[in-house]
Amino acid sequence: MATNHIVDARAIHKHFGTLHVLKGVDLKVDERELVFIIGPSGSGKSTLLRCLNRLEDPSSGSIMVDGIDMLNPKTDINHARRRIGMVFQSFNLYPHMTALGNVTLALRNVAGKARAEAEVLGRAALERVGLADRADHTPGQLSGGQQQRVAIARSIALEPRVMLFDEPTSALDPELVGSVLEVMRGLRESGMTMIVVSHEMGFARNAADRVVFMDDGLIVEQGPPAAIFENPTHERTRAFIGQIQRH
Amino acid sequence: MIEAFFNIEIMKAAWPIVLTGLWNTILLSLIVVPLGLLGGLILALLASIRHPLVRWPLMAWVDFFRAFPPLVLLVLLFAGLPFAGLELGGFACVAIAFFLNTGSYYGEIFRAGIDSVPAGQVEAARSTGLTRMQAMRYVVLPQAVRNVMPDLLSNTLEVVKLTSLGSVVAVPELLYEARQAQSITYNPTPIVMAAVIYFLLLWPLVRLLSRLENRALAGRR
Numbered sequence: 020m021a022t023n024h025i026v027d028a029r030a031i032h033k034h035f036g037t038l039h040v041l042k043g044v045d046l047k048v049d050e051r052e053l054v055f056i057i058g059p060s061g062s063g064k065s066t067l068l069r070c071l072n073r074l075e076d077p078s079s080g081s082i083m084v085d086g087i088d089m090l091n092p093k094t095d096i097n098h099a100r101r102r103i104g105m106v107f108q109s110f111n112l113y114p115h116m117t118a119l120g121n122v123t124l125a126l127r128n129v130a131g132k133a134r135a136e137a138e139v140l141g142r143a144a145l146e147r148v149g150l151a152d153r154a155d156h157t158p159g160q161l162s163g164g165q166q167q168r169v170a171i172a173r174s175i176a177l178e179p180r181v182m183l184f185d186e187p188t189s190a191l192d193p194e195l196v197g198s199v200l201e202v203m204r205g206l207r208e209s210g211m212t213m214i215v216v217s218h219e220m221g222f223a224r225n226a227a228d229r230v231v232f233m234d235d236g237l238i239v240e241q242g243p244p245a246a247i248f249e250n251p252t253h254e255r256t257r258a259f260i261g262q263i264q265r266h
Numbered sequence: 005m006i007e008a009f010f011n012i013e014i015m016k017a018a019w020p021i022v023l024t025g026l027w028n029t030i031l032l033s034l035i036v037v038p039l040g041l042l043g044g045l046i047l048a049l050l051a052s053i054r055h056p057l058v059r060w061p062l063m064a065w066v067d068f069f070r071a072f073p074p075l076v077l078l079v080l081l082f083a084g085l086p087f088a089g090l091e092l093g094g095f096a097c098v099a100i101a102f103f104l105n106t107g108s109y110y111g112e113i114f115r116a117g118i119d120s121v122p123a124g125q126v127e128a129a130r131s132t133g134l135t136r137m138q139a140m141r142y143v144v145l146p147q148a149v150r151n152v153m154p155d156l157l158s159n160t161l162e163v164v165k166l167t168s169l170g171s172v173v174a175v176p177e178l179l180y181e182a183r184q185a186q187s188i189t190y191n192p193t194p195i196v197m198a199a200v201i202y203f204l205l206l207w208p209l210v211r212l213l214s215r216l217e218n219r220a221l222a223g224r225r
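Just so you know, the protein sequences line up as chains L and F, in that order.
Yeah, the first sequence ends on 266 if you go by our numbering, and it's all consecutive.
Yeah, the second sequence ends on 225 if you go by our numbering, and it's all consecutive.
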């Protein structure tokens, strides 16, 4: 299946028992594009993100990422996941390892780098998120914002083709959000393809190429940030954006 | 009293025998503790495959060997296996019985440890391309072991104490040798010696355990 989209998900359905969480979602993302997914909680946006790297198995549909058929049983999923970075709301750093250990684990055991080379690459990744001087700290010694930046470094060290962000700033104190968004802005400027589930509307406005509004397991509407925020065509989008902006 | 329980002459005479017993107890512990840990780890890793075909037999296995008194198991192996044409000797019987019994206990401890590691840890590891086994080895197990270290140590204490069961099947460990010495000298002093040695052997572990438990409590606060 030839496609010029780096992510091409079609007709994704996901059931959790009797719960129908995704009801036929199509999402195509161009290379170097930054797509923002917004919507009320329970709308399925995180589930959609987690289907893209198969942390969840969709009930049906097709997903191509960088030309790899993610749902084909013959696909080496671990190899495919190297190309898809993921950043979680709760950071999920390994607490028993240093920042550098967190970043080098997959470099050594997935990318097959020798220790010395992995450490050079790992330090470079930490440098990119502004934490070169924290390489030997454990997660417990870092602030939430620093932990999330280490988590970003852990992903970008593997040189992914796409980065998925699942509410990356929702667990942070307000004063720490800026440093994480700063790193994300830097990634965007370097040309990284990014799919971001978040409610950081200010960031969406000036950094996103496209905003996707999801509700009740479906994409309701999508378009450039200005169009979605100033001129939503659907009542549900208008109601949601009104709610968010009142905060 | 002192004549009967703390007889210096008898202590001198019995010392070489009791010392042999001590070495055998240490040797036995050095064999059965790693065996039990290995068995437990295998059981816990199998349990992490949440497939019903693995899970139910595993639960039955663990429940059975935890409910079965280790002394009965040991006697059954020692007295029963020869009828099946297997003469294993006391030492091997102790090793097998402990592998089955304490392995099941260690297994439950490892399993609780693995369950205590948040699912997000595995998701983060898998999202970077680590396999299920790599995530277990590098991310889950180190945290799991740390979380249940007091329970592992506590169970190990029990295992070392249980090695005295070996005396029943004529394994020349500490208690067995002390009783030999007692029957030769007609005096209970060697048993007192064994008791003191058990205490000295295990007391550092008990202290360490208390410290770990206090630290775990402080960490929870």
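There's no promise every hint is true.
As the list claims (entries may be wrong) - Cβ-to-Cβ under 8 Å is the rule here; a few derived chain F residues that face chain L:
| hint | residue |
| --- | --- |
| 1 | 59 |
| 2 | 60 |
| 3 | 127 |
| 4 | 132 |
| 5 | 135 |
| 6 | 147 |
As the list claims (entries may be wrong) - Reference listing, derived: stretches of chain L covered by chain F, where coverage requires no fewer than 3 residues with Cβ under 8 Å from a Cβ of chain F:
| hint | segment |
| --- | --- |
| 7 | 101 to 110 |
| 8 | 171 to 179 |
Said to hold, decoys possible - Computed, partial: chain F to chain L, Cβ under 10 Å:
| hint | residue |
| --- | --- |
| 9 | 94 |
| 10 | 128 |
| 11 | 133 |
| 12 | 143 |
| 13 | 146 |
| 14 | 150 |
Honestly, the hints are just simulated from the structure, not real lab data.
Ideal Cβ positions, reconstructed from N, Cα and C, are used throughout, including at glycine.
Each hint tested on the structure:
1. 59: 20 Å, violated
2. 60: Since the shortest Cβ distance to chain L is 22 Å, the answer is violated.
3. 127: Check passed: Cβ of residue 127 of chain F comes within 6 Å of chain L, closer than 8 Å.
4. 132: With Cβ-Cβ at 4 Å, under 8 Å, it holds.
5. 135: 5 Å, holds
6. 147: With a minimum Cβ separation of about 6 Å from chain L (threshold 8 Å), the hint on residue 147 of chain F holds.
7. 101 to 110: Three-residue rule met by the segment 101 to 110 of chain L, so holds; n is 6.
8. 171 to 179: holds (count 3)
9. 94: 41 Å, violated
10. 128: 4 Å, holds
11. 133: Status holds, d = 4 Å.
12. 143: 6 Å, holds
13. 146: Because about 5 Å separates residue 146 of chain F from the closest Cβ in chain L, which is inside the 10 Å limit, the hint holds.
14. 150: Holds, because the Cβ-Cβ distance from residue 150 of chain F to chain L comes to roughly 7 Å (cut-off 10 Å).
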